[in-house]
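Visitor: As they're listed, the protein sequences go chains A and B. Numbering (the numbering used here) for the first sequence: 35 to 301. Numbering (the numbering used here) for the second sequence: 17 to 607.
Errors might be hidden in some of the hints.
Where chain B lies over chain A, by a calculated footprint (3+ residues, C-beta under 8 Å) [as the list claims (entries may be wrong)]:
#, segment
1, 235-241
2, 259-268
Chain A residues, not near chain B, derived (Cβ > 10 Å throughout) [stated by the list, open to error]:
#, residue
3, A81
4, S86
5, E122
6, T126
7, A129
8, D175
9, E199
10, L254
11, G281
What the hints contain is simulated information worked out from the structure, not anything from laboratory work. Backbone N, C-alpha and C fix where the C-beta goes; we use that ideal spot for every residue, glycine too.
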Amino acid sequence: MRHSPGVAAPPQQDTAQAMKLLVPVKRVVDYNVKVRVKADGTGVETANVKMSMNPFDEIAVEEAVRLKEKGAATEIIAVSIGPAAAAEQIRTALAMGADRGILVEVEGAVEPLAVAKLLKAIIMKEEPGLIILGKQAIDDDMNATGQMLAALMGWGQGTFASKVELAADSVTVTREVDGGLETVKLTLPAIVTADLRLNEPRYASLPNIMKARKKPIENLKPADLGVDASPRLTTLKVEEPPKRQAGRKVGSVAELVDKLRNEAKVI
Amino acid sequence: MASYTAPLRDMRFLLNEFVDPERLRALPGCAEIGPDLVDPILDQAATLCSEVLFPINRSGDEEGCTLANGTVSTPAGFKEAWAQFRDGGWPSLACDPEYGGQGIPKSVGLLIEEMICSANMSFGMYPGLSHGAYSALLKHGTDELRATYLEKLVSGEWMGTMCLTEPQCGTDLGLIRTRAIPAEDGSFRITGNKIFISAGEHDLSENILHLVLAKLPDAPPGTRGISLFLVPKFLPTPDGRPGARNGVTCTGLEHKMGIKASATCALAFEDAQGWLVGRPHKGLSAMFTMMNEARLSVGVQGLGLAEVSYQNAVAYARERLQGRALNGSANTDKPADPILVHPDVRRMLLTMRAEIEGCRALAMWVSLEQDIATLHPDAATREAADDLVQLMTPIIKAYLTDVGWEATAMGMQVLGGHGYIRDWGMEQFVRDARIAQIYEGTNGIQALDLVGRKMGAHTGRYLRRFFHPVLAYIEAKSENEPLGEFILPLSKAFGRLQQATAELARRGFSDPFEAGAGASDYLKLFGLTALAYVWTRMAEIALQKPDDDFYRAKLATARFFMARILPRSTGHAAAVMAGGATLRAMEDAMF
Chain A
35 MRHSPGVAAP PQQDTAQAMK LLVPVKRVVD YNVKVRVKAD GTGVETANVK MSMNPFDEIA
95 VEEAVRLKEK GAATEIIAVS IGPAAAAEQI RTALAMGADR GILVEVEGAV EPLAVAKLLK
155 AIIMKEEPGL IILGKQAIDD DMNATGQMLA ALMGWGQGTF ASKVELAADS VTVTREVDGG
215 LETVKLTLPA IVTADLRLNE PRYASLPNIM KARKKPIENL KPADLGVDAS PRLTTLKVEE
275 PPKRQAGRKV GSVAELVDKL RNEAKVI
Chain B
17 MASYTAPLRD MRFLLNEFVD PERLRALPGC AEIGPDLVDP ILDQAATLCS EVLFPINRSG
77 DEEGCTLANG TVSTPAGFKE AWAQFRDGGW PSLACDPEYG GQGIPKSVGL LIEEMICSAN
137 MSFGMYPGLS HGAYSALLKH GTDELRATYL EKLVSGEWMG TMCLTEPQCG TDLGLIRTRA
197 IPAEDGSFRI TGNKIFISAG EHDLSENILH LVLAKLPDAP PGTRGISLFL VPKFLPTPDG
257 RPGARNGVTC TGLEHKMGIK ASATCALAFE DAQGWLVGRP HKGLSAMFTM MNEARLSVGV
317 QGLGLAEVSY QNAVAYARER LQGRALNGSA NTDKPADPIL VHPDVRRMLL TMRAEIEGCR
377 ALAMWVSLEQ DIATLHPDAA TREAADDLVQ LMTPIIKAYL TDVGWEATAM GMQVLGGHGY
437 IRDWGMEQFV RDARIAQIYE GTNGIQALDL VGRKMGAHTG RYLRRFFHPV LAYIEAKSEN
497 EPLGEFILPL SKAFGRLQQA TAELARRGFS DPFEAGAGAS DYLKLFGLTA LAYVWTRMAE
557 IALQKPDDDF YRAKLATARF FMARILPRST GHAAAVMAGG ATLRAMEDAM F
C-alpha cells in the first residue's frame, strides 16, 4: 500500500459526520450519438445532437451517492463548468441523489487546466473532504483534469478507481493499472477519478427527478472565482479518421509476411 | 439486431412549439410543466425504454407467457424490468397526487406511452391496463374503494385489468352473462367466464384487481343492464396486504399472432367477492368515460410500433449495399450503392415518416385538448375541448393503428427477405401492431362511432369544433405566400371532407346502411385532412428556421405528405360519395 500525504493543509473536517463530497460533471455529446465532424473542420456537430452527462462522471455521481447512502458522507455537491445548458447535467446529478449544484458558466471550449483551476477555487470555498471525478470525458478523452486538480491542490490522487472505501481520515482506492490492480491509501482530503468498473449508475426515479427541480443550483462566472478560463490551446483543424479499408485475403504465410514488410511496412 | 432511440427532438418540438405550451401551463396543477421539468423526465424514460424494455422485447416474443396450475409466468426478464419500472415510480406518472401520483398531464404521459410501445409493446400492456383500472376507480369508485386500492395501483405494487369480453360477446356487450348476486355485507358474488383479458394473471405483482362487467339480478336487458365491479385476486387484509384468495382463476392463455409476452387470459369467476363501482346498471357508461383515454393510448401503440420500424428500416437502408443508383452512382469505391438511393425505398421511408410525424402531432394536439377538457376551470372551455376529443378519438384510434400496421409492413419491406425472417426483429413489429386495429373497439366500430354517434351529436357541434378552427386557419393564411404550397392542398382536402360530410349525413339520415357503408372511407378522409392541417401548421413553424436541419427535414417531409399521401383523400372521398349500393347488390348467399 502506498500512502500519499496531503501537502495543502486539509480543510477543517469535524468527523465523518460532516463529510462533503464534490463531484464535477461535464456536458458532452451523448455516447449513443454517432459524432460527425463539422463541414468547416472547426469541431464536431453539436446542433440538434443529444447531450448528456459524461458517462464516467455518472459513475462518479453514483459512487458519491452510495457513500452518502452508507452514511460515509453527508452532502454531495455537483459542479459543472460549461454552457448555461449544463444545468441539465447538474439536474441529472441532483436526480440521482446529489444535494445541490454549482454551475460555472463558460461559453466555448474549456480546457482541463481552466477546469482544474475553477474547481480549486470552489474547493477552497466549499472545503469538501473528497472529490470524485470521471477519469476522462468522452468528448476529448483528455484524462487530465483530476490529475491537474490534485497537483494544484497538492493532494493525493487515486485515479482509475474500481473500488473506493472511505474512512474518517483516509480513502482506500483500488486502481485499474496496466499490470492489474493497485491499491492506494490517501489521506483526506483527496482526489479520486472513477473508472468504468467502479459501479453501475442507477436510473434516476421519477419522484427524484421531480424533487431535483427544487434543489438549489448556484450560478457563477469564472470571474467570480478569480480564474481566467480562456483557452491556452488553438484548434487548427478537426477531421474524421481515415475510413477503414476493406480487408484482403492472402494465399500464404509468405505472402502475408511480404505484404506486412513491403506494403504495410509494419515489420 | 434492431435498436430503438426515443424521438426526443420531435417530441420536444411538439410540446414546446407545435402546441402552445402556455395553454398547458395555465391549467390547475400544471404551472410547472415546462422543458426544465419535462425534458429530464422524457430523457430518463427514453433511457429506460432503450436499455431495460427494448432488450427483452424479442426474447419476450420468442418465449411468450406460460400457464401452469393456474399461474401465469411472464417471459424471462419481465419481472425484473417491471420491478425497475415500478421502483422508478413510473406507474405514478400521470396519476393524482392525492394518491401518490406525480400529476403529470396526459399529453406528456402519452409521449412516454409511445416510447414504451416502441420499446416493448407487450410490456406496455401491463401498466396500460393498470392505468385503466386506476382511472375507473378514481372516477367511479366509492371513497372506501379508493382509499383501499388507489395508492396500490399508483405505486404499481398491485396491478389491474379490465374484464369485458365473454365467449359469446365481444363488440356487443349487451349479451353479457356474468352475474352479480348481492351479498348481505353490501358486497356482491360474481360468477361467469371472461376471455381475452390482458394481464388477467401474471407474476409481476402480488395482487391483481379485476374490473368486471356483470349483470345484477334485476338488470334491464341489453347494454342498459350492465354494472361494473371490482374483484381482487386476493382479498385485502385490514392492513392492506393480500389476504385470502378470491374465487377467480386463470383457465387458459391465448396463443396469439403478436404481443406474445402480454398474458391474454381466460378467467373463471366463481362466487368471487366483488364491490360495485359506480351506480347499478351504469357500468357501461362508467367504462365509456375512460374509453376516450384508452383509445388514444391504443392509437399511440400503432404510432410507437411504426416509429421503431421506421428507425430500423432507415438504419438498414443506409448500410445495405445493393444495385446502383438509377442516375449514376456516388459510391464508385464500393461494390454497390446503399439502397437508400433507390426511389422506391425513399418512397417507403418517407411514407412511414410523414405518417408517423403527422400522427404524433395529431395525438399531441388531441391529448392536450383532453387535458384541457379534464382540468380547465371554465365549463365552456372544458366542453369545447371535450367535444373535439370526442370527435377525434375514433379517428386517432383507427387511423393511427392502421398506420401502425401499414408502416411496420413497409419497414419490413425495406429489409426485403431480411425483414421477413425473425433475426432482424422487423416481423415482430408487424405482428405486434396488428392487434391494435382490433381491440378497444375494432377500427370498423371506430368508423361507426364517428359517423353514427359523433357526426350528428348536438346537431353537429362536435364537427364544428374541428371545421371552424381549420377553416379559420385556412382563411387567415390565404395571403401567406410561402405557406401557399401547403394551404392549397389542405383547403382542397378540407373541401372534399365538407362535401363528404354533408352527403353522408344526408343519406345516412334516411338510411343508416348508407352511413355504415361510407364510414371507414369517411374516417380515412377525415384522418388525412386532419394530418394535412397539422402538417401545414408544422410547415409554418419550419419555414421560419431554414438553416436548421431538423426544420429542413420537417419541411421536406411536409411536402412529401402533401404530394404523395394526401391525394389518397380523393379516393376515399369518391368511395364515400359512391354510397352503399354496391355493398347491397351482392346477395348474402353469393359470398
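Visitor: Check each numbered hint against the structure and report the violated ones by number, ascending.
Guide: Of the numbered hints given earlier, those the structure breaks are 2, 3, 4, 5, 6 and 7, listed in rising order.
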